[in-house]
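Full structure from sequences and hints, please.
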Amino acid sequence: MPSFGVIGSCQAYGVAESLKGWVPGATAYPLNAGSVAAMSEDDQQQLADKFTACDIVYIESVDRISKGPLTAAALSAKVRVLRYPVVVYTGLHPDCIHVYNGSQLIQTHMGPYNSALVLAAFNAGLSPARTEALFNRFAFASLGYIDQREAATAEMQRYFEGLGFTCMEFVDKIFMHTINHPYVEVLHDITKQALDISGFQRDQNDVPAPVDTLLEGASWPIYDGVGEYSSYVFRGHANKGEDRDIDLAEFIVRSFEVYKEMGTLLSPPAVERAAEFITSEVIM
Amino acid sequence: MTTPYSHKPSSSFWRRAVANPDPSTVDPVIESPFIIESSDRIATAGSCFAQHIARTLMREGYRYLVTEEGPSEQNYGVFPARFGNIYSTLQLLQLFQRAYGLFSPNDQVWRQDGAFVDPFRPQVSAFETEEDLEADRARHLSAVRQMFEKSDIFVFTLGLTETWMSKADDAVVPLAPGVAGTSTSSEYYFSNRSVTQMSADMSSFITKLRVVNPTIKVILTVSPVPLIATFEPRHVLVSTCYSKSALRVVAEEISTSFDDVAYFPSYEIITGHHNKYKYFAEDLREVRPEGVDHVMGLFKRHYLNQDKAKGPNPEAHSASQSSQPPTPQKITQKEMDELYHVICDEEIIDA
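Top to bottom, those sequences are chains E and C.
Taking numbering that gives the first Met the number 0, I'd label the letters of the first sequence as residues 0 to 283.
Taking numbering that gives the first Met the number 0, I'd label the letters of the second sequence as residues 0 to 350.
Hint data in this document are derived by calculation from the structure and do not stem from the laboratory.
None of the hints are false.
Examples of chain E residues lying across from chain C (beta carbon under 10 Å, computed):
hint: 1; residue: 126
hint: 2; residue: 129
hint: 3; residue: 134
hint: 4; residue: 136
hint: 5; residue: 138
hint: 6; residue: 224
hint: 7; residue: 281
Straight-line C-alpha distance at most 20 Å; calculated EDC-like pairs for lysine to aspartate or glutamate:
hint: 8; chain 1: C; residue 1: 149; chain 2: E; residue 2: 223
hint: 9; chain 1: C; residue 1: 207; chain 2: E; residue 2: 146
hint: 10; chain 1: C; residue 1: 277; chain 2: C; residue 2: 21
hint: 11; chain 1: C; residue 1: 149; chain 2: E; residue 2: 227
Beyond 10 Å from chain E on every Cβ pair, some chain C residues (computed):
hint: 12; residue: 29
hint: 13; residue: 215
hint: 14; residue: 299
Each residue gets a CB set at the ideal place from its N, CA and C atoms; glycine is no exception.
Take a look at the structure:
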C-alpha cells in the first residue's frame with residue numbers, strides 16, 4: 000500500500016484523511032507547515048526522513064517552510080513531490096479579513112477573523128447600532144462585496160489551472176467556512192485530482208468525504224447578495240460552547256470591545272475601502 | 000418654401016396639437032423610451048397624485064409591488080411600503096439613506112395626542128409606545144429596501160419644493176411640526192428647494208438606487224396639484240408656479256441625463272391649456288376623475304404592454320398620435336370612491 004506525505008496549512012489534515020479514503024489501506028502523514036519553525040533541527044530531520052520514505056509528498060503550492068530539510072526544494076531532491084492548491088477564497092466572505100496589531104493577529108469572537116466593515120465603522124466612531132444598520136446590499140455593493148465572487152472565482156480558476164487542477168466541481172457552490180477554511184468536500188475533490196495527476200490508483204467509487212474537522216472552527220456568515228442565501232449568524236469556534244452562535248449585533252459589540260483594548264491597528268486595504276465608503280456615504 | 004419646421008410632426012404645432020383637437024384627445028407623449036411588461040414589478044412613490052398611478056396599475060393587473068403588507072385601514076398598500084406621501088426630492092433621497100443606514104436623524108419620535116408618531120410618516124400610524132414605533136420602523140425600512148431592490152420600474156411623482164428640515168441635521172419631514180405631531184427635541188426650519196438642489200438630490204438618489212438595483216427603470220412625473228398653502232411671504236399662486244416650474248425642470252434634467260429614466264407628462268395633461276382647467280374640481284386643486292382617466296389612459300397606452308399588444312401606432316411621430324388618443328373611459332362610482340381615498344396629508348394644513 001502506498002504511503003503519502005502531506006505538507007501545508009490546516010487543510011493538510013483534511014487531505015491526508017481523504018487520501019486514506021480514496022486509497023484504502025494507504026498511510027498518510029499530514030504536517031502543518033506552520034509548526035516547523037518551532038521544531039529543533041533534529042526533529043525536522045526526523046520528519047524529513049519520514050516524508051522521503053513516502054511514495055509521494057503532496058505539498059501546498061504556497062511555500063510556508065523557508066529553510067531546512069522540509070522545504071519543497073529539499074524534499075523534491077529525495078522524493079517525488081506534487082504541489083497542490085491551497086484553498087483561499089474571498090468570494091463568499093469578502094468582509095472577512097485578518098487584522099494585525101503589530102505582528103499580533105487580532106482575535107475576535109470569530110477567532111482570527113475580523114469584519115472590515117465593523118473595524119472601519121469603529122475607527123469612524125459609529126455606534127454599534129449604526130454599524131449594524133450598514134449591513135445591507137447598498138454597502139455590500141458599494142464595497143465590491145457582491146462583485147467579489149466573480150473576481151475571486153476567476154482568480155481561483157486561474158490558480159488551480161496553473162497547477163493542473165480544476166475547481167469547477169465546487170466553485171459555484173457554497174464551499175467555504177471562512178476565507179481559508181474550505182468544506183472538507185473541497186479537499187476531498189482536490190485529493191482525488193492529486194491522486195489522478197500523480198498516477199496513483201484510487202477507489203473509483205464515490206468515496207464519502209472524511210469528517211470535516213474544520214467545522215470545529217469559525218464559520219463566517221454569507222451576506223445578502225453575496226450567496227444564494229444569507230444569514231448573519233457569526234459562529235465562533237466550537238470551544239465556545241453555547242456561546243458559539245451570536246447575531247450580528249452581538250458580534251459588533253464584542254468586536255468593538257476587542258478594538259477598544261487595542262492600540263493602533265493595522266488597516267488592511269479592505270478596511271481602507273470601508274473607511275472611504277463610510278466617509279463618502281454615511282451622514283455622521 | 001421650406002423652413003426648419005416644415006417636416007416637424009403635427010405634435011410640434013400648438014394649433015394642431017393643442018388648440019384644435021378635442022381636449023380629451025390631446026396626447027403630449029411622443030414616445031416612451033421603454034415599455035412596462037406585465038411581468039415587471041412596479042413601485043410608486045411621491046405626492047398624493049402618485050397614488051392614482053398605483054391604483055391604476057393594481058386595477059389593470061400589473062405586478063404592483065407591495066413589500067409591507069397589512070390592513071388597508073392602517074394605510075398599508077397605498078404605496079409599496081408604508082412610507083406615506085413623499086413630497087420632496089430630498090425626502091426621497093433621505094428615505095433611501097435611512098433605509099440603508101446612511102442617515103440616522105436626530106429626531107426619531109414625535110408626540111401627537113399622547114401617542115408616538117414617526118416624524119417621517121406622521122399620518123401613517125400612531126403608536127402607544129416608543130418601542131412599538133421603533134419596531135415598526137425597522138420592519139418598514141426593511142420593506143423599503145425590498146422595494147428598491149426588487150422593483151423593475153420605479154415611478155416617482157415630484158410634488159413640492161417647500162420643505163421643513165431639522166436644524167439639527169437637515170432631516171426632511173413631510174409635514175411641518177405642529178401640523179401632525181410635534182417634536183420635543185429639535186427645531187425645524189423652512190426651506191424652499193432650488194432646481195440645483197433638487198437635481199442634485201434626484202441624481203444622488205438614482206445613482207444610489209442603481210447600486211442596489213442596476214437595471215431599474217424610473218418614470219418621473221410632476222404632480223399637477225397646486226400647493227395647499229405656501230410658507231413663503233408671497234401669494235400661493237406665485238409659489239405654486241415656482242414649485243411646479245422648478246419640479247418640471249428637475250424632471251427634465253434628470254430624465255435627459257440618466258439612461259432609462261423617463262418623464263411622463265401627467266402635469267401637462269392635467270394643467271395644459273387644451274382643457275381650460277376643467278380637469279380640476281371646484282376647489283381648483285383636486286383633480287377630477289376625468290383628468291385622472293386621461294392621464295392613466297395615456298400612461299397605459301404608452302407604457303403598459305397590454306395596450307401595446309393591440310398594435311403599434313404606425314404614426315407615432317405624426318399628428319395622428321395627437322388626434323387618436325385613447326377614448327376616455329366611463330367613470331365608475333368605484334373610481335370616484337377611490338379618488339376620495341387618496342391620502343393627501345398636506346390638506347390638514349388648511350383644515
